[in-house]
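Start from the sequences, fold in the hints, and give me the full structure.
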Amino acid sequence: MKRFMAGIVGVDKALYALAGCILACMILVTFCDVILRNFGYPITGSMEFIQYGGALVFGFSIPYGTVLGAQVIVDIMTEKLSPGKKRVMSIVTRCVGMLLFLFIAYNFFTYGMAVRLTGERTASFKIPYYPFAYALSLSFLLQSFTVFCDFIRTVKGADDE
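Heads up, the sequence shown is in our numbering, so the first residue is 440 and it goes up one at a time.
These are computed hints drawn from the structure, not numbers from a lab.
A portion of the hints provided could be inaccurate.
Said to hold, decoys possible - Only pairs whose alpha carbons sit at most 25 Å apart, straight line, appear in this in silico PhoX-like list of lysine-lysine:
| hint | residue 1 | residue 2 |
| --- | --- | --- |
| 1 | Lys595 | Lys525 |
| 2 | Lys441 | Lys595 |
| 3 | Lys524 | Lys595 |
Next comes the structure, spelled out in structure tokens:
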């Protein structure tokens, strides 16, 4: 189980690094587009690149953000609970989270299959939509695995919430 959990964290880190590279490219394209636009030579399709890059940056950064504990936690309700009840609440919320992210991954996957069949493409570069849907599906599947790893740690009592 430790190897599985380490593998998930490793893949999460790789996606996070890829998200950083995509973000850096987005910044570079935006910078160049603003400069060139002032000289009358805007970059064709820059908005398209920024939109799809933003979706990938968002999707790819979620799993490792969960590993880091970067999400916002509102504990107004749980701060008054006993440690045992907090643990039960934590287990329940992780189960709900796993189901939610599996549902999102499944829907992105089915959307990707539907878009692949219709052959929809982006306006400027004619890039198919379905790879983006599949990438987001993979990201949310990894997110559900990451929440599962957190669930295992919580059940074992490794969380000190």
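Hints versus structure:
no.	hint	verdict
1	Lys595 / Lys525	holds, 14 Å
2	Lys441 / Lys595	holds, 13 Å
3	Lys524 / Lys595	holds, 15 Å
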